[in-house]
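With chain A fixed as given, assemble chain B with the ligands onto it according to the hints.
Here's the letter readout for the chains.
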Amino acid sequence: MESSTKMKSISRRRFLKKTGWVAAGITVASFGAVPVVRDKIPALPTFGAPNDKDGLTWIQILVDGRVRFYCPRMEMGQGAALGLTQVVAEELNIEQTDIECILPDTNQTPPFQMTVGSQSIANFFDPVSWAAAQLREALRAVAAEKTGLSTEQILDGRSGFKLPDGTTIGYAALVPAADFIIADNRLIENDKLKRYALRPTTDHQTIGQSWLHHDLTAIVTGQMAYARDISLPDMAFGAVVQPPSFGARFVAANSTGATAIPGVLGVEIDEAAGFVGVVASTPFILSEALEVLDVEWQTGPDLGQEQIDALLDVERLRAEDDFTHTLDQSGDLEVGQQSALHRSSGRYDTPFAAHAAIEPRSGLAWVRADKVEVWCGTQDPFFVQKRVAKILDREAEDVVVHTHRIGGGFGGRVMCQASEAAARLSAKFNLPVRVQWDRAAEFQNNYFQPGFSHFIDAGVSEDGFITHWDHDVVSSSILTGLAPGLIGKAIDLATPDQGTTRGIRPPYEMANKRIRHSAIRTPVPINAWRGLGAAPNAFAIESMMDELAFKSGIDPLQFRLKNLPASSARLAEVVRKVGDISNWGQARIEDTGRGLACAVYKDETAVAVVADLTIDHAAKTLRVTKVWCAQDCGLVLNPHQVESQIMGNVTWGCSMTLNEQITFAEGRVEQDNFHSYEPLRHGSSPEVHVALLAPPGTPPAPVGESALPPVPAAIANAVFAATGHRCRRLPIRYEDIFAETG
Amino acid sequence: MEIVINGDMIAVPDDLQNVTLLDFLRDFVMLTGTKFGCGIGLCGACTVHLDGVAARSCQTYVSDVIGVEVTTIEGLDQTSSGEGLHPVQQAWIAEGVPQCGYCQAGQIMTASALLHRNPAPTAAEIREEMNGNLCRCGTYDRIRQAITRVAQEA
Ligand code: FES
Ligand code: FES
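Protein chains in written order, with full-length UniProt numbering: chain A, 1 to 742; chain B, 1 to 154.
Same shape as in the complex, but just chain B:
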């Protein structure tokens, strides 16, 4: 069995087909940008894209993603056409969003999936879409500013 992560084909050992995608990414593929926060789908730190849609990798099993394009924070820049970092990553830097930064990979993955689907979200839509991503440092205001910046620059 093989799965595609950030464009690379990765062979899955038989005994790892039933582990979560999060554990597989972090402890087998050694892509540690995707974070563990709660393990039960409540914090969003583990958010990745499955065929471009935001999903909780702690609630997804490796066997669920056969034939699906998995994108992690490490591969996000490959999904945008421009040079360098993905526009959402650039906006995150320009607005100086991160504090501790631990939740931010998940925030960026949720925000980039939202903007992909809906390039000009309303304030209410941003709040609703981002509600599943906890940030204990309280960067929510800056996250809204960064998403708005991307929407305006697009």
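Just chain A, with the same shape it has in the complex:
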């Protein structure tokens, strides 16, 4: 029983790989010569955006006329593969069943940009569409050759072409026996290449349809293989002793207790790397082995929440008038202040946060003399490849990373530390080794969203226009968050972090403004978390907008419209739309409140949100009951998928506003499971209503994180509407509002 089922999951992967090489008829490009340069600088994530020609390596036509699509995006539920599959289908006039969509391993395509920042559709739409169109035209040329007709006489059909005499010729009949690569000089020039994905939406055949994801059946039957589900015959089971605090240094270890346990194969101690891991022939004794493994650490700085708060304290920096970067400055703040009839100023804080994906990460590695294989779920398989190669002192091309659907990414899976540990242990013990993180490791040993501390002083003129905007923000660098000590400091001085400052420039007209920023590094490891700085920044900006509207006695929706410049027309449109669908302006009911906020994500996707909140005094809780979201993300490839992303972002936004906070004591994270860090539960989740807007001819814009930024402010504004209490610090808890009366 054991071994036969064991084989099942792995043989399925092997089968996929096998068909990947054998069945291809035309392959539109060769990916044999993947340029991989070994270097001495640290392994870096895969940043480069794709260009059109990359698309040629992702799409193949098979002998049966079907199309294989090595989708260059990792899948974690955002469904990018589905939308891009629809682009392939649109160009090639084929059905969903005609496409085999494959999550590529590192040896199946050249390196591609890591799957972060909601860039999948925005950046990959073009190369995928271009390459699929080139393949279609290459097939048309084959059809012309075969029939002796001109390419103009070969008309589009379904899964093939129509000939002038009314007969059809399917793609299967056009696939030559030998491999076929479209030579550069056979590519159609860009101005002559018809791109069906770019035609008006009313002409689209598959784009804009709500295709369902090809993995759904496997998911609902438990057959989907996540990294945690992979096993190899004769693999061993590893576990790692996690350091007790940030910056802890390994001193000594005594492994005799652990190695005495029957089934424990050995303990690997790498002093320089601060690595202590144990390997066993069965997974059932790992926790016992870890318990008796005696490791002495020299702990890092005895850091507590107060020290962290003191480091990221915007008021301290304001007092010292010491900000590294002025991100935006125009007009004269003093002039603005003098012309303000109403003024508001305040400090807004958001806490450190964790990803809390439901799947704790896992890696399986098999290190051999000629080849290293890794099985994992990661947002950047080529980064994992490079990092594992570094650790093992091997060439990157010796390492193959087999990719798996990720059980929740949200920025937290750029690395897969469990795979790195598995590789160390496999190298040492000459066996395939699997390492799985538990929930505590996931909460305490990954990287985090940094805390943000804002101060805004702003004002409104008599006629309701913003007179000035003085905004200072301090946080930690995110995109370069993992850069080591002095290098990190140098980066912070040189340039403001694009992740931390995402969305920091308000979309409103304001003549006199100044936005300043300092990044301060703490011992806490920092990197991407859903939307990066966009949600914390929008929380401050859109809360202040609500304060200004209230002070000037103008309806918050009208106040925004009034202050949006003509260049923000798409944002104004979603603000109006969310007003319509939510029936904005209806009368207030006791103990309920309604708040509005809006933002533009990455200067591309315009989003407006209305949240309804109810206060339950008996349960002492705040609950978001309904959320309306209007979003303009340009061309929508798959409305169902976009709606799902919006629902996900709304839920995430409620969770970050009401529930989530990472805190520190004695140099470590205090939270270790879902009781102390509890994402929003079903019972507290709002009903979500979505309206999608797309002006004709607009290209697809980011979706995966775009609806998140306005949500926290919409909720805080609803709390104000319900209680008159302005909450400027997340998370917002019932006790904070009703401290005296509660």
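Among these hints, one or two may not hold up.
[To be verified] Which chain B residues face chain A? A few, computed with CB under 8 Å, are given here:
#1 Leu16
#2 Asp23
#3 Gly33
#4 Leu42
#5 Thr72
#6 Ile73
#7 Ile93
#8 Pro98
#9 Gly101
#10 Cys103
#11 Ala105
#12 Asn131
#13 Asn133
#14 Leu134
#15 Cys137
[What the hints assert, rightly or not] Stretch by stretch, here's where chain B covers chain A in the computed footprint (C-beta under 8 Å, at least three residues):
#16 217-228
#17 399-409
It is worth saying that the hints were derived from the structure and are not from the lab. Note that CB positions come from ideal geometry on N, CA and C, so glycine has one too.
Just chain B with the ligands now, kept in the frame of chain A:
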């Protein structure tokens, strides 16, 4: 000692009687559809049916389930009379519920046990019953729609 999983009799080695049902399923029987999320009963990813009732397999020991019918997501379709997938699985596909999908086996097991006991749950009952199953991707709205669809089609 033997236990019954999805209708199959499985012999339990002596040294595995005190491991959790979740670990036993995943690492001995190699039924990996049941997921680990938290290990302490807080997320519901590990939900299975014990005699048709939803239970957390991470909080259940193998020795607890002697004489009990264990059903996992892999065996769920056998528990419904119709053809093909269980109606809850079908509704999950029709409503396109899953995002990352990792929590969904647990969600489906909780929902199918609820609908078995109460074929027409109210909105409040759905919220309450499903409250123990976390979904970080935020599929709660679609889960409600899928459960309502099953209730209406029944
Ligand atoms: S793993 Fe059992 S409830 Fe979370
Ligand atoms: S679908 Fe991803 S956690 Fe539920």
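Handout entry: Status of the hint placing aspartate 23 of chain B at chain A (closest C-beta pair under 8 Å)
Key = Holds, about 7 Å.
Handout entry: When the least beta-carbon distance from cysteine 137 of chain B to chain A is tested against 8 Å, hint result
Key = holds (5 Å)
Practice task
Verify the coverage statement for the stretch 399-409 of chain A against chain B, using a C-beta to C-beta distance below 8 Å and requiring 3 or more qualifying residues.
Solution key: holds (count 5)
Handout entry: Per-residue hint verdict: proline 98 of chain B, partner chain A, C-beta under 8 Å
Key = At 5 Å from the nearest chain A Cβ, proline 98 of chain B passes the 8 Å test, so the hint holds.
Handout entry: Claimed coverage, the stretch 217-228 of chain A by chain B - three or more beta carbons nearer than 8 Å
Key = Answer holds; 10 residues pass the 8 Å Cβ test.
Exercise for the section: Mind checking the CB of leucine 16 of chain B against every CB in chain A and telling me if the closest is under 8 Å? Expected result: holds (7 Å)
Problem - Interface hint status, asparagine 133 of chain B versus chain A (Cβ within 8 Å) - result: Hint on asparagine 133 of chain B: holds, closest Cβ of chain A at ~7 Å, below 8 Å.
Exercise for the section: Could you check if glycine 33 of chain B really has its C-beta closer than 8 Å to a C-beta on chain A? Expected result: Hint on glycine 33 of chain B: holds, closest Cβ of chain A at ~2 Å, below 8 Å.
Handout entry: Per-residue hint verdict: glycine 101 of chain B, partner chain A, C-beta under 8 Å
Key = At 4 Å from the nearest chain A Cβ, glycine 101 of chain B passes the 8 Å test, so the hint holds.
Problem - Restraint satisfaction for isoleucine 73 of chain B [CB to CB of chain A, less than 8 Å] - result: holds (4 Å)
Problem - When the least beta-carbon distance from alanine 105 of chain B to chain A is tested against 8 Å, hint result - result: At about 5 Å, which falls below the 8 Å cut-off, the nearest Cβ of chain A leaves the hint on alanine 105 of chain B intact, so it holds.
Problem - Closest C-beta approach of leucine 134 of chain B to chain A relative to 8 Å, hint status - result: Holds, about 6 Å.
Comparing the model with each numbered hint stated earlier shows that all of them hold.
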